[in-house]
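Just so you know, the protein sequences line up as chains A and B, in that order.
For the first sequence, our numbering gives the first residue as 5, with consecutive numbering after it.
For the second sequence, our numbering gives the first residue as 1016, with consecutive numbering after it.
Just so you know, the hints here were simulated from the structure itself, not pulled from any lab data.
Beta carbons: idealized from backbone N, C-alpha and C, even for Gly.
Hints may be right or wrong, so weigh each one.
As the list claims (entries may be wrong) - To give a feel for the contact side, a few chain B residues facing chain A, derived at Cβ under 8 Å:
id, residue
1, R1056
2, D1164
3, P1231
4, R1234
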Amino acid sequence: MIPATSALAERTQQTDAPLLKIENLSKTFGGLTALSHVDLDVHPGQIHGLLGENGSGKSTLIKILSGFYTPDAGARAWLRGTPISLPIQPGYFRRLGISFVHQDLGLVPELSVVENLRISNIVAGSGPLINWKKEQALAAETFARFGLDIDPRETVDRLGDTDRALIAILRAVSELGDHRALLVLDEPTVFLPKEDTDLLFRVVKELVADGGMSALLVSHDMTEVLEHTDRVTVLRAGEVQAHLETATTTDEQLVRLIVGRSLRPAKQAVDLSTAAATHHAGAVARVDNLVTGHVDGLSFDVAAGEIVGLTGLAGSGFEDALAGIYGAHTATGQLTVRGTRTDIKDASPRSSLKAGIVYVPADRKTQGGVGELTVEQNITLPVIHRFRTWFGLNARGLSRRAEEIAESYDIRPRDPQALFSTLSGGNQQKAVLGKWLQDDPQLILLQEPTQGVDIGARSIIFDLLRSTAAGGVPIICASSDYDQLAAVCDRVIVLAHGRPHAELTGALLTHEAIAASVITSLTESPVLPKESVS
Amino acid sequence: MTVTTTAPVSTTDAAPGTPPGPGSSARPARPARNLWLHTERYALLIAWLVVIIAFSVTLPTTFFTVGNLQNVLGSQAVLLILALGLLFPLTAGEFDLSVASTLSMSSMTVAVLNAQLGVPLLPSLAAALAVGLAVGLLNGVLVVVFKIDSFIVTLGSATVMLGLVQWMSNSSSVTGIDSALVQATVGYRGILGMPLQFFFGLLIAVIILVILTSTPIGRRLLFVGRGRQVAELSGLNVNRLRIGAFVGSGLVASIAGIVYAGSLGGADPSSGQSFLLPAFAACYLGATAIVPGRFNAVGTFIAVFFLFTGVVGLQMLGAQSYVQQLFYGGALIVAVALSQAIRRQSAKAHK
């Protein structure tokens, strides 16, 4: 509850006490521990970093704050010294003075800046009429105060990523009115270039300084946290590793805490941030100057039978590269497969398939298969034309093909007439792989091939990929799952700002080394995760 | 808003303006579901039989006669053909609201060319078919190239065509079409006492059944409608298939127009519009049967006759002609509500 005293009075009273205090916060899902006895103090007027890898428990913590998850019994929390009852009722966080800015920002692109800023007032129905002139003037005044050049009347889809992020942040703060306490920034900067991140944090600092509030910054990016926070908490596997004063923390210290091992330089890793793309003898597939999405000039090659991994922080471009190469998204660059060079600009999924290039998308539900149709119908779609006869489709041939694939890819249940949606995630993924790999591809592009897949299916899929590669097919696998990359790849390229940053091979293909390389990928002079030492 | 809404303009990213989809298709995968599925599959057919029996009992002298059977089966060819053509765009996840106007324009083209300008019958028919092809192509290109919602494009083109038909006909009926066309549609009743138009409808139903279920094109249209991103990533030429679906419905609508011109012996600038809603009602009602959850030719065939049987029976019981509108309009809503229920049911079964 918000005390009746004015926010200003509170601020002066309790400058030393933590603004947000959390004790003994745990969360288990079934038997899995997502958070274990987490303590957290966020001091007033500070930007507090929350750092950790995927799966370290950062987002679970945030979702408990927003009331989405109920913490395990025993957790306690205070805001400005007042106990908060847990679980927080959904939607109640705003009344506590907490506001969230998520990575997707939650803006309506078709509406104007001022409409987006006032969206919650409009939903709440603050009055019969909205004085848009006044709202515009207010917005303009706010922008001017922070030195921002944004026209309140512009529609949001005409603004750049940075302006959008700023609007989302200003909106989050303004929605809190006088009760502002905590602004939670859940990776809102991943798609922004460095200079713009600086601008954004300048605004956050001013908001925090002048509003008597604090900010909790959730991030994968160590550099951002080091540059812009006052204190930082590192989570690993659901446990707090350390609470640190950022000013006295080094990047190596952070890497060790995040990854769980110390890493010291060695010679195997190749720093690609300055080097031109390396070309390998025996390469059968080669990408030159790929530009698409967040990818900004990526060149690399793949040898016959080699599995090359692409990874990086969100927004580094690794998520966009494969769809670009396949022609599913606008892209430029050149692709050479077994001596045949094509312009990626002209590529389409259709032309890529004709050339034997297959793309297995990450999203099985909307891109991999159609849940309402059968496994057989899904599997045979790319080859359906081969089953045409004068008497319609060769139904027996189709079902035999589907049965063969179900058999060799171990799809369970072994029933090609089952609806695709009735299969488990792992079996759906096996079916999707079967759908694409049935036709002797020349180059395989895999996007997060084992996302949401159970452990059994995961190892089957790994075996499958390795045996496919052993047949001489080059494979490119884009993933943020470091265990998976370590398990299947012969070489991993870490991207930063859309360009290759580091290349890991041999003994460096471990979860820890890849994670360390990714986390540090935005530092000015890369702390390359070299030979790992436990 | 999700695809499961009945709003014509949905905000789903995969397929904007997707027609309110019928429920999920459900081929038997578990024996436990078979009984329910079989009931579901033949429910419409059973409902038709129940309606027939009910009216036969109440109206033994008027309804339960060979003459009435011939009337019910023989008089619905235009609606049947129109509804069958609509299956192409609906399967591909698009609306075509212009089919009734295409029918009017096609029948008026035949009438004006043949009866007023003295063009021989065959070239007149060819011109009518060309009109249907052209309208379908235009609709498809506008939808695909300019990325406009098919609901809007075909609403617009339907209205434009209505204007053109008024202009062509001077807003009045045109009669005097070559009697050969009349003979070929409703005049000659040598086979089972049925007009030939019934057999045309049957033939087109078989052709469309085969195209939709037993050709790569039919399978691809299904993927375009159900999972546009999957279709694109699977290398299908999605845009060409979507255009093709509109061309198909335009062509089939123009065939319906020719049959309509034959059955009237002329053309009328406005009455064709009354086929639009019944055609949609038949498609959606048909999608609850035979292959529940999927727009299908056999279901549509049954739905057309089920609806008309109801209308005829009610009228024989003394209902006024407005009962037709009540019946068709109500059937459309009930059909969509039913298919949503099927979709939810099967979604639940799969969890």
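* Asked: Going back to the hint list, which numbers does this structure go against?
  -> 1 and 2
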